[in-house]
Amino acid sequence: MNTVIFRTVAPGLAALMIMYSIFVLLRGHNEPGGGFIGGLIGASGLAIYGIACGVTEARRALHVHPISLAGFGVFLAALSGLASLLVGMPAFTGLWWIFEVDGTEVPLSTPLIFDIGVYAVVVGSVSAIAFALEDDDEEMD
Amino acid sequence: MPITIEPGEPLGPTIDFSVALIAVAPFLAAAIAPLLKRFVGPLAGWVLAIVPASIFVTLIGFFTPVADNQVIRASLDWIPTYGISFSFFIDGLSLVFGLLISGIGTFIVIYAGGYLAGHPHQGRFFAYILMFMGSMLGLVLADNVFTLFVFWELTSITSFLLIGFDHSRQAARRAAIQALVITGGGGLALLAGLIALTVMTGQNSLTGMLMSAGTAQEHSLYLVALLLVVGGAFAKSAQVPLHFWLPNAMEAPTPVSAYLHSATMVKAGVYLLARMSPVLGGTPEWFWILTLFGGATLLMGGALAVRQTDLKQMLAYTTLGSLGLLVMLIGVGTEYAILGAILYLCAHSFFKGALFMIAGVIDHGTGTRDITALGGLGKAMPITFVAALLSAFSMAGFPIALGFFAKEEMYIALTGGVWPDLLFLVVLIVGNGLMMAVGLLIAIKPFTGALTATPHKPHEGSLSLLAGPVVLGIAGIAAGVLIGLVNTYVLSPTASTITNTAVDAHVAFAFDLADPAVWASLATWALGALVFWKADAVRSGLRRTGNAIGFTFDAGFDAAMFGLIRFADAVTRLLHHGKLEMYVLVMFVVLVATLYLPMALTGTFPAMPGFPVLTFYEWGAIAIALIGLGAVVFSRVRLVAIAALGIQGFAVALIFLLFGAPDLAFTQFMVETLSVVIMALVMTRLHVDGRDHRELEVAVRDGAIAIAAAIGFAIVLLGVLETELDLSLSELFEATSTPIAHGRNIVNVILVDYRAIDTVGEIAVVMAAGVAILSVIQLRARKTPKKRAGTPKPARTSRRAAS
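Same order as they appear, the protein sequences are chains A and B. Using numbering that gives the first Met the number 0, read the first sequence as starting at 0 and increasing by one per residue. Using numbering that gives the first Met the number 0, read the second sequence as starting at 0 and increasing by one per residue.
Hints listed in this document are in silico derivations from the structure and should not be mistaken for laboratory results. Keep in mind that the hints are not guaranteed to be accurate.
Where chain A lies over chain B, by a calculated footprint (3+ residues, C-beta under 8 angstroms) [said to hold, decoys possible]:
#1 26-36
#2 643-654
#3 664-676
#4 767-775
Here a beta-carbon is modelled for each residue, glycine too, at the ideal position from N, C-alpha and C.
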């Protein structure tokens with residue numbers, strides 16, 4: 000399936016999917032989407048990139064080991080839950096900061112950070128598995 | 000932790016927090032011991048001994064209030080919800096034990112400083128032994144029974160560390176594990192027994208149980224609680240048939256043997272039995288269990304001690320005998336028997352601790368502990384010789400050492416003339432005689448006669464090695480001389496605690512030939528002297544008998560452990576066979592069972608639903624799903640089947656979308672895509688055969704299970720639809736998600752806000768699963784190359800051809 004067409008299209012497609020995954024992640028609080036589904040889209044993008052351009056190249060593009068990304072995600076999610084302890088609220092109480100940027104409301108919150116953590120876990124775990132499975136193809140080809 | 004002071008009880012207990020500190024201080028000292036060792040070097044033993052010495056002095060201060068029958072208590076909150084507190088108290092019994100532990104502990108720490116001088120892990124040793132000391136003090140001072148249990152198990156764990164201190168030797172490791180299994184297992188029995196007692200008496204503190212003494216004996220669960228508590232005590236105090244771990248524990252360095260396995264830890268069981276006497280005692284069951292097992296242990300310990308030639312083994316078996324003696328006396332339970340037990344407890348701790356240390360000094364000074372290889376050391380080691388004689392004097396029960404009074408009291412207790420008493424009297428005389436002979440052998444044989452060649456040239460021990468034996472030897476005699484003080488401050492309060500009645504002890508020196516107890520003493524001495532004189536003949540006789548019997552409990556333990564491992568192995572083979580197909584099969588069979596059983600048992604099957612009215616595109620989605628399923632079932636090539644499964648999944652996602660669950664549909668699309676990709680990768684990666692070669696009957700079996708599971712799910716879902724939908728949570732989320740959680744997508748708000756802790760758990764599982772899958776794949780990757788070089792698998796070639 001490693002055709003020229005696929006290899007040419009894949010990097011662009013992967014980039015597009017990862018951008019789209021971040022869009023899905025960020026809009027998730029109000030529209031269909033969120034960290035889990037966004038993470039799955041992102042992982043698919045990385046998997047496609049890995050199939051097309053080789054796992055070595057995909058790993059290099061990601062910079063960090065996918066499992067480290069997953070670990071960081073769990074850490075971030077847990078940490079975002081503990082933030083409310085600092086202001087004397089029970090753990091996992093959502094804290095919101097709403098900014099005005101150029102006339103548009105930009106809400107930031109600990110649930111958002113939490114969702115980013117979920118995203119990182121899903122992207123990291125799934126792409127780690129995909130890369131490991133794809134790795135074998137590399138050796139054989 | 001908040002400190003709460005309990006309100007005064009009717010008895011008027013005094014509150015003093017130094018009681019709690021006593022149990023904590025050794026742990027603090029243990030934490031700094033290795034560091035301290037680095038700074039003060041050889042003086043570490045002397046410096047660290049300040050801790051137990053201060054505890055000893057603090058405890059001395061409690062003499063007067065305890066003699067006035069006061070109880071001193073301290074309590075910290077632990078689990079207030081269950082009314083469990085971290086509480087301590089001091090009465091006569093705990094005071095005696097506390098003094099023995101801290102007093103002898105002081106000399107043991109000093110002794111260890113000399114005995115292990117230059118050992119690379121001496122700092123660690125100090126830490127272990129101080130931790131043990133804290134555990135033991137906590138055990139005897141504990142009031143709440145769960146506090147007691149925690150310290151009880153801590154003594155087992157620290158004992159494990161200490162026996163296995165020399166962990167490079169296999170024998171030491173085995174002895175450590177054996178001791179842990181026996182005493183730790185006994186601890187579990189004790190926990191069950193303590194819980195039973197808590198339920199029976201409605202009290203979870205010892206002081207409370209003592210106040211409601213008499214209720215447990217009437218309870219229907221009495222025998223169960225008795226057996227559990229006594230079982231725990233017997234394991235700890237090495238009573239037959241759980242005795243064999245104690246001689247093996249002599250693998251530990253000598254300070255450990257002197258401290259844990261003679262003077263303190265093994266007495267924990269005795270402490271517990273003494274403590275529980277008012278709560279569990281006074282019944283025929285108590286009497287017979289304790290006297291019979293104690294008596295058997297006494298005789299066995301005495302006889303096996305004479306059989307040994309290793310000084311430490313000889314002492315270890317006499318310790319068994321002494322523990323049996325104490326258990327027997329507590330079982331008899333009369334005032335004289337209890338007085339005898341307390342006196343013997345103190346005397347034994349003095350002389351046995353000292354003799355163990357002397358065995359260590361001899362070992363240190365000559366390089367051997369074999370009594371047949373030692374002789375004529377008196378000249379080279381005069382102080383050791385004198386200290387050994389002092390201890391043996393008390394061990395033999397010569398007047399007017401403390402051991403004499405102990406023996407007199409126990410004989411007085413049993414010269415009433417009724418038949419079980421006479422039997423026990425004979426057992427005591429034989430046991431005491433044998434132990435006396437062993438004491439004399441150790442104190443006289445190595446030091447007299449012709450000088451024999453030993454691995455080292457014999458030399459006297461250093462001050463730190465001799466301080467303990469000398470002081471304890473003198474203490475054993477001095478306590479006998481000052482018996483009046485012992486009466487007031489030790490015997491009366493302790494005996495009052497054990498019997499739960501006011502006892503006013505008047506033990507005094509008397510040697511009246513009209514008293515049958517004196518004749519029992521004379522018989523003991525005669526027997527001891529005879530065995531001492533004919534030691535070699537007795538030893539070889541006992542060895543022949545032992546060889547003729549052939550069975551040892553030690554070997555029995557090995558057989559039991561081996562059997563346990565075999566059993567575990569068999570269970571593992573049965574359940575964890577590594578056949579993936581069987582795992583999946585079992586999982587699905589269980590799934591089918593869980594789907595149908597509840598419905599079958601309650602007889603609630605849902606009604607058949609009416610035929611649905613659907614639009615043409617809804618029919619279309621269902622048709623796609625069915626086509627996908629058909630392709631899964633009928634395709635011969637596995638890759639096609641995987642892709643077809645994806646088609647079916649997409650169709651289901653489409654149905655979700657049509658019925659208004661875009662989030663679910665969205666996720667389903669992604670999950671299906673990734674599943675197909677990953678399953679296809681797994682197929683190629685694991686070189687699975689590209690075709691399904693299942694035989695017909697296997698295919699039928701799997702198909703039947705699959706269909707059964709599917710129908711089961713359908714029925715369960717129909718059943719769910721029949722129940723009334725509880726909308727209260729949905730309404731809550733709808734009403735609050737925008738105003739308080741700032742999100743219109745309720746699904747997402749639930750995930751990241753309302754139930755964020757659940758999500759944290761789930762993503763942690765996702766990560767863990769990722770790590771696990773990764774390691775499994777990489778494990779295979781490392782194993783496969785050799786195989787691959789040999790025979791290329793068909794799957795690989797076909798895939799190549801395809802690409």
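Mind checking, does the region 664-676 of chain B have 3 or more residues with a CB under 8 angstroms from chain A?
-> holds (count 7)
Coverage assertion for the region 26-36 of chain B with respect to chain A, Cβ distance below 8 angstroms, three residues required | violated (count 0)
Check whether three or more residues of the region 643-654 of chain B sit with their beta carbon closer than 8 angstroms to a beta carbon of chain A.
-> Violated: only 0 residues of the region 643-654 of chain B have a Cβ under 8 angstroms from chain A.
Coverage criterion applied to the region 767-775 of chain B (partner chain A; beta-carbon cut 8 angstroms; 3 residues) = holds (count 5)
Hints 1 and 2, counting from the list given before, are not met by this structure.
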